[in-house]
Amino acid sequence: MSIPYSYSFRNLWTRRLTTVLTASGMALVVFVFAATLMLAEGLRKTLVDTGSYDNVVVIRKSAQTEVQSGIDRSQAAVVETQPEIAVAGGKRLVAKEIVVLISLPKRGSGKPSNVIIRGVSATSLLMRPQVKVIEGRMPRPGSAEIMAGASIAKRFKGGGIGETLRFGMRDWTVVGIFEAGNTGFSSEIWGDVDQLMQAFRRPVYSSIIFKLRDPSEFARVKERIEGDPRLTLEAKREITFYADQSQAMAKFLRILGITLTIIFSLGAVIGAMITMYAAVANRVTEIGTLRALGFQRGSILAAFVLESLFLGLLGGVVGLFFASFMQLVTISTMNWQTFSELAFTFTLTLDIIGKSLIFSLVMGFVGGLLPAVRAARMNIVDALRAT
Amino acid sequence: MAETTPPIVAVRNLSKSYRRGQQTVPVLQDISFDIAPGEFLALMGPSGSGKSTLLNLIAGIDKADSGTITIGGVEITTLPEAELAAWRAGNVGFIFQFYNLIPVLTAFENVELPLLLTGLTRRERRDHVETVLSLVGLADRMDHYPSQLSGGQQQRVAIARAMVTDPEILVADEPTGDLDRVSAGEILALMERLVHGFGKTIIMVTHDPRAAEQAHRLLHLEKGELTDGAG
Chain A
1 MSIPYSYSFR
11 NLWTRRLTTV
21 LTASGMALVV
31 FVFAATLMLA
41 EGLRKTLVDT
51 GSYDNVVVIR
61 KSAQTEVQSG
71 IDRSQAAVVE
81 TQPEIAVAGG
91 KRLVAKEIVV
101 LISLPKRGSG
111 KPSNVIIRGV
121 SATSLLMRPQ
131 VKVIEGRMPR
141 PGSAEIMAGA
151 SIAKRFKGGG
161 IGETLRFGMR
171 DWTVVGIFEA
181 GNTGFSSEIW
191 GDVDQLMQAF
201 RRPVYSSIIF
211 KLRDPSEFAR
221 VKERIEGDPR
231 LTLEAKREIT
241 FYADQSQAMA
251 KFLRILGITL
261 TIIFSLGAVI
271 GAMITMYAAV
281 ANRVTEIGTL
291 RALGFQRGSI
301 LAAFVLESLF
311 LGLLGGVVGL
321 FFASFMQLVT
331 ISTMNWQTFS
341 ELAFTFTLTL
351 DIIGKSLIFS
361 LVMGFVGGLL
371 PAVRAARMNI
381 VDALRAT
Chain B
1001 MAETTPPIVA
1011 VRNLSKSYRR
1021 GQQTVPVLQD
1031 ISFDIAPGEF
1041 LALMGPSGSG
1051 KSTLLNLIAG
1061 IDKADSGTIT
1071 IGGVEITTLP
1081 EAELAAWRAG
1091 NVGFIFQFYN
1101 LIPVLTAFEN
1111 VELPLLLTGL
1121 TRRERRDHVE
1131 TVLSLVGLAD
1141 RMDHYPSQLS
1151 GGQQQRVAIA
1161 RAMVTDPEIL
1171 VADEPTGDLD
1181 RVSAGEILAL
1191 MERLVHGFGK
1201 TIIMVTHDPR
1211 AAEQAHRLLH
1221 LEKGELTDGA
1231 G
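Going down the list, the protein sequences come from chains A and B. First residue of the first sequence? That's 1 in our numbering, and the numbers climb one at a time after it. First residue of the second sequence? That's 1001 in our numbering, and the numbers climb one at a time after it.
Incorrect hints may have been included.
Where chain A lies over chain B, by a calculated footprint (3+ residues, C-beta under 8 Å) [unchecked claim]:
(1) 1054 to 1066
(2) 1097 to 1106
(3) 1202 to 1209
Have a look at the derived ranges for each label pair, beta carbon to beta carbon [unchecked claim]:
(4) B:Asp1030 / A:Leu17: 19 to 25 Å
(5) B:Gln1148 / A:Lys251: 56 to 62 Å
(6) B:Gln1023 / A:Phe321: 34 to 40 Å
(7) B:Ser1066 / A:Ser6: 27 to 33 Å
(8) A:Arg385 / B:Gln1029: 18 to 24 Å
Just a sample of chain B residues kept apart from chain A, beta carbon distances all over 10 Å, derived [claimed, not checked]:
(9) Gly1038
(10) Thr1077
(11) Arg1126
(12) Arg1193
FYI, nobody ran anything at the bench for these hints, they're computed from the structure. For clarity, every value in this text was computed on a predicted model and none was experimentally measured. We put the CB at the ideal spot given by N, CA and C, even for glycine.
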């Protein structure tokens, strides 16, 4: 049997100040680690939630995003007539949309930032149940009316209801605010597609969205659209389309965050190591006594490693506790795939909690191992003489 | 010497030296003696005479260069480290000059420590610990931490810890060295009880003449050799 856990735990409690300081160092690292993963997760979730599983996005071949895409009217007509498109209330659930980037000044700072203007059809809203008008009304077709995502209304000058925005050489009145949950649509401005095409002098659509009458028919419709010699288009499920957009940015955040935290963690590990070496040095006689009583070297090693693991875990829990408050923060940043503003929140998942705790335990283990080995290797007689 | 009962401790031709830089300093030179069961033996001698080293060798926490120590029929000088540790846990009780209690554990937990190395259940351990703590008169201080106890009380907890596994021999290194006269007297009386009442064999290193008086036999060491009472 081994030395009781309480021995390791109470020793940390006995030297509370050192414990708190060392654990704080680790907590800081875990905080940065968790926050970065939360950021990447928040971005991914926001973009992925933007799509629906049974919606298909059609864009020009090899155009990663709607902004880079162009579909002319004759091509659009071919796509519109695909038999797999769902029908609701006598209407085919298909929307030809245009996506244009414009620059708008932010509230407060007045700094310009890119915003997506989406020209939509009447069916666009039907296919996106997550989009709800929360204030005002839908823009009327054929008018210079627009509605703004909640996040736009909050953050951009002229984005609020009743205000006007000037772009495409016209003034546009915001008649509605829509909420789209935690999705990319919240950072868009929607207006009538025909009006916007005229205003921006665009002869082509950016994308065509349609709902499948049966989600399992995706492969067939994709094959037909991509195989049609008249079309130079590709079809993706909407969720895949948005998930692909988040990948590069999320990956960048993850690599940046993990690189940073690994460098920081070296500091925290060295801190833990110093603390644990000091703990071993202060308890030489104790170690000698335990060995004399018959505890094996392995038990001593385990007791000190455990102590350091506790220390790491404490840092991990504290770091996560503070990181969880980051969920209250909304970050808006450039989505480098579309060059538009995207607002998203730090998102804490069980996976991130698990990873952060494992990370903190690894720091504790690495920091505590060498001191524990020193403790375990001590000569009993020399240790007892250290009184 | 009348060989009525076999000795509990048999030391034969024991030698030990330390290396100090280039030099080899002999500490014990060809020492042989026996200790009978139930004996209370005091090892005396000036500093550096090797008495503590001898005690450590008998207690199985140090290794001899040559010679053998047989305790209760087990030749401990040839045991590998892990087995020696297991042997110590069951057969030797330690009493130190500075008590060497674990400060973060209560009196009860300190006494329980050696029992964690046995197969006893939690309840059996509790019974054992309570019995020995009553024996040393500290049943009411079980939940106190060492820092809440006086020196004499701490040494009694240490004696309880040494006794809890019911070992055959107890080794004591200056057990009264850090205590006032009254406390020292109490500790010596307690050790006397362990010998007479419980038949324990005690080997004690001491400078304290009062402690030595309590012993049945004195062994004097000088420069690593026994100077008298070698039989």
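Given as non-interface: threonine 1077 of chain B, partner chain A, CB spacing beyond 10 Å: 15 Å, holds
Range agreement (Cβ of serine 6 of chain A with Cβ of serine 1066 of chain B, hint 27 to 33 Å): 43 Å, violated
Distance restraint evaluation - glutamine 1148 of chain B, lysine 251 of chain A, Cβ atoms, bounds 56 to 62 Å: 58 Å, holds
Whether chain A covers the stretch 1202 to 1209 of chain B (at least 3 residues having a Cβ closer than 8 Å to its Cβ atoms): The restraint on the stretch 1202 to 1209 of chain B is violated, since only 0 of its residues have a Cβ under 8 Å from chain A and three are required.
Glycine 1038 of chain B and chain A, when compared Cβ to Cβ, separated by more than 10 Å: Non-interface label stands for glycine 1038 of chain B: nearest chain A Cβ at 23 Å, farther than 10 Å.
Range agreement (Cβ of leucine 17 of chain A with Cβ of aspartate 1030 of chain B, hint 19 to 25 Å): Check failed, 53 Å falls outside 19 to 25 Å.
Range hint compliance [Cβ, glutamine 1023 of chain B to phenylalanine 321 of chain A, 34 to 40 Å]: At roughly 59 Å between Cβ atoms, phenylalanine 321 of chain A and glutamine 1023 of chain B fall outside 34 to 40 Å, so the hint is violated.
Arginine 1193 of chain B non-interfacial with respect to chain A [C-beta, more than 10 Å]: Fine: 22 Å to the nearest Cβ keeps arginine 1193 of chain B off the interface.
Whether chain A covers the stretch 1054 to 1066 of chain B (at least 3 residues having a Cβ closer than 8 Å to its Cβ atoms): holds (count 4)
Least C-beta distance between arginine 1126 of chain B and chain A, which was stated to exceed 10 Å: 14 Å, holds
Check of the stretch 1097 to 1106 of chain B against chain A for coverage (Cβ-Cβ below 8 Å, three residues minimum): Our answer is that it holds, as 7 residues pass the Cβ test (under 8 Å) against chain A, meeting three.
Beta-carbon spacing of arginine 385 of chain A to glutamine 1029 of chain B - inside the hinted bounds 18 to 24 Å or not: 21 Å Cβ-Cβ, so the 18 to 24 Å window holds.
Violation of the numbered hints given earlier is confined to hints 3, 4, 6, 7; the remaining hints are satisfied by the structure.
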